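Given the coordinates of chain A, work out where chain B should sit on it, guided by the hints.
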Amino acid sequence: MHMFVVLARLAWRNLWRNHRRTLIMLAAITLGVWAMIFMTALMRGMVSQMIADGISALPGHVQVHHPDYRDDPSIANLIPRSDTELSARFVDAGFVKWSSRVRVPAVITSEYESRGVTLLGIDPDSERDLTFVDYDAVEGRFLSASDDSGVVIGKKLAATLNTEIGKRVVLMSQDPDNDIADRGFRVIGLFEANVQSFEENYLFAGKATVQKMLRIGDQVSEFVVLGEDYRDVDAEFEKVLQLVDGNVEVKRWFELDPYLGTMLGVMDGFVLVWIVVIFLALSFGLVNTLVMAVFERVREIGLMLALGMKPINILGQIIIESLLLLAIGLALGSALAWATVQPIKDGIDVSIVSEGMDMWGMSSVLYPELLLSDVVLANVVVLVLGFLASLSPAWRASRYEPIEAITKV
Amino acid sequence: MSAVTCVDLCKTYRQGEVDIKALDHVSIEIDKGGFVCLSAPSGGGKTTLLNAIGGLDRPDSGEVIINGRRIDNLPKGELAELRLRQIGFVFQAFNLIPVLTARENIEFVMQVQGVPAAERRQRAVEILEEVGLAGLEDRRPADMSGGQQQRVAVARAIVSRPALVLADEPTANLDSKTADGLMELFRELNEHHNTTFVIATHDKRVMSYAKRLVRMLDGRIVDDINQDAA
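Protein sequences appear in the order of chains A and B. Under our numbering, the first residue of the first sequence carries the number 1, and numbering increases by one thereafter. Under our numbering, the first residue of the second sequence carries the number 1, and numbering increases by one thereafter.
Just chain A, same shape as in the assembly:
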């Protein structure tokens, strides 16, 4: 321990003997670490938002369907169990955020236009926490009950259909016998969504009303459960597996939308690559600084060896010097990243490029996401790689012959 104190003191003093060089290197490390963490937070935010929007379109982290529903999401593939019976099980299991829905393709017709849409028959009470629609922000009103006879459509769809609140539209789909099932609905609300395509493609009606229209009795298309964190849905998945039986399929969100799931995996890998790439650029400066520090201290290192310091201690001193430099740079860079994320954590408006963002299924507000795990990853990667980068100059210093080093001009 006493040796570590000696080495740490020497390393610290040596670090500041050339203030300018150390400060330049510190600035480079700080900037690099800031870039690693800040840009990662932006990218994370972007991907998270994309996934969140994607999940809110699904919506639900864990879903139960008929095994063929994903291939043919039609009325022919409803869950072959009673909605009432399964719902009772979900209530008993203690799920907080869950819902059951009828979700079928349909055609909506106004007096001017027709459009293909996805009809969602929902229970507005249980759906409140799951859907991407903010009930309170709906123009007009949202559905009040499962047997509400109105329909809520997106503003963009309303514009396309040239309809408005109070007007009637006709929804048309198929019943289980492949006969036309249609019904007139009054438009009671218009919603806005982060993603414009949601406004065009989804519409909401009461679940009971839709069941009656489609003549499907007490059946639904899906049961959905929302967990606390989309990254960790295994607990909910296992619980749902225990609840359901028979001819149904239970899937997690990333299985239902492999593109989103892969995106999350790619993002984790990309963050690591990004951090390593920035570090590689930094490492040239770091190694150069250490090599110079060793080179201008050859005689001093020779003196310490002559006085009885072991080569391993010289190695340790140079490595501690490098780690001190990195630690200060990491602390400053991490703090700076945190400080720059704080003012924009409520979102950055990127609506100027909203069409492009929408194409990728992303909203026009970007929320940076500063994850502790990313900060830790950046710090650990920089420390570990910095340690490795400092080994070469440190090793070189420790191999000096004392007398040759002392007499070096």
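No lab work stands behind these hints, which were simulated from the structure alone. Be a bit skeptical, because a hint or two may be false.
What the hints assert, rightly or not - Here are the computed distance ranges between Cβ atoms for each label pair:
1. B:Arg14 with A:Phe387: 51 to 57 Å
2. A:Thr340 with B:Asn173: 52 to 58 Å
3. B:Glu17 with A:Arg399: 25 to 31 Å
4. A:Phe4 with B:Ile225: 45 to 51 Å
5. A:Val277 with B:Glu17: 48 to 54 Å
6. A:His2 with B:Val125: 18 to 24 Å
7. B:Glu188 with A:Phe4: 32 to 38 Å
8. A:Ile328 with B:Thr12: 36 to 42 Å
9. B:Met1 with A:Ile328: 48 to 54 Å
10. A:His2 with B:Glu188: 27 to 33 Å
11. A:Phe387 with B:Met1: 45 to 51 Å
Stated by the list, open to error - Part of the chain A face toward chain B, derived, beta carbon under 8 Å:
12. Arg13
13. Val381
14. Leu385
15. Ile406
From a predicted model like this one, the values you see are computed outputs, not experimental measurements. We treat Cβ as the ideally placed atom computed from N, Cα and C, and that holds for glycine.
Just chain B, lined up with the frame of chain A:
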């Protein structure tokens, strides 16, 4: 037992195309408590011999024995340990660690030895007083004169009471008064603590303090005078 025994030491340096014999079959035995001056013109081999005795340089052939232990074939780590525990060094120049204060430079060896902090501090302050540098404890080498730096180096070399002190031109940067003071200190330590001194020099004043004067020329010992007897 002898403090230092060198048997048939040879060391050749290559300078360009020319081989220079720095040590040419040198044998010497120095008793414990000896006060020996190695005197030679530049290139005579005195520094090479001093470095071989201190384990800083390996001879091409021959044996170096310090306090009964052969050291010329020891690995680097063990040589470092030997230097740390048994030998004090004073070099001609570049003696101090620039980032440490005078007191910290003196404490450095003791700190590496593992001497407790309080004892270290007390001994450092005492030895600074002994070499006439009381009050300069917190100065860094850059803020001291050459003579003051050399005295700090001497203080560091003797503070942990090594059995053997090796000094290479210790008075080269000192005025005559300071040089005399330093040599008095060496003799005092030699007499009171039985510390063995081997000093390489061509300063006649330094030679006059030696109990034994060994003259070298072209890597050979050409004269070995017991000055105490004379």
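Practice prompt. May I ask which of the numbered hints given earlier this structure violates, with the numbers listed in increasing order?
Written response: 1, 8, 13 and 14
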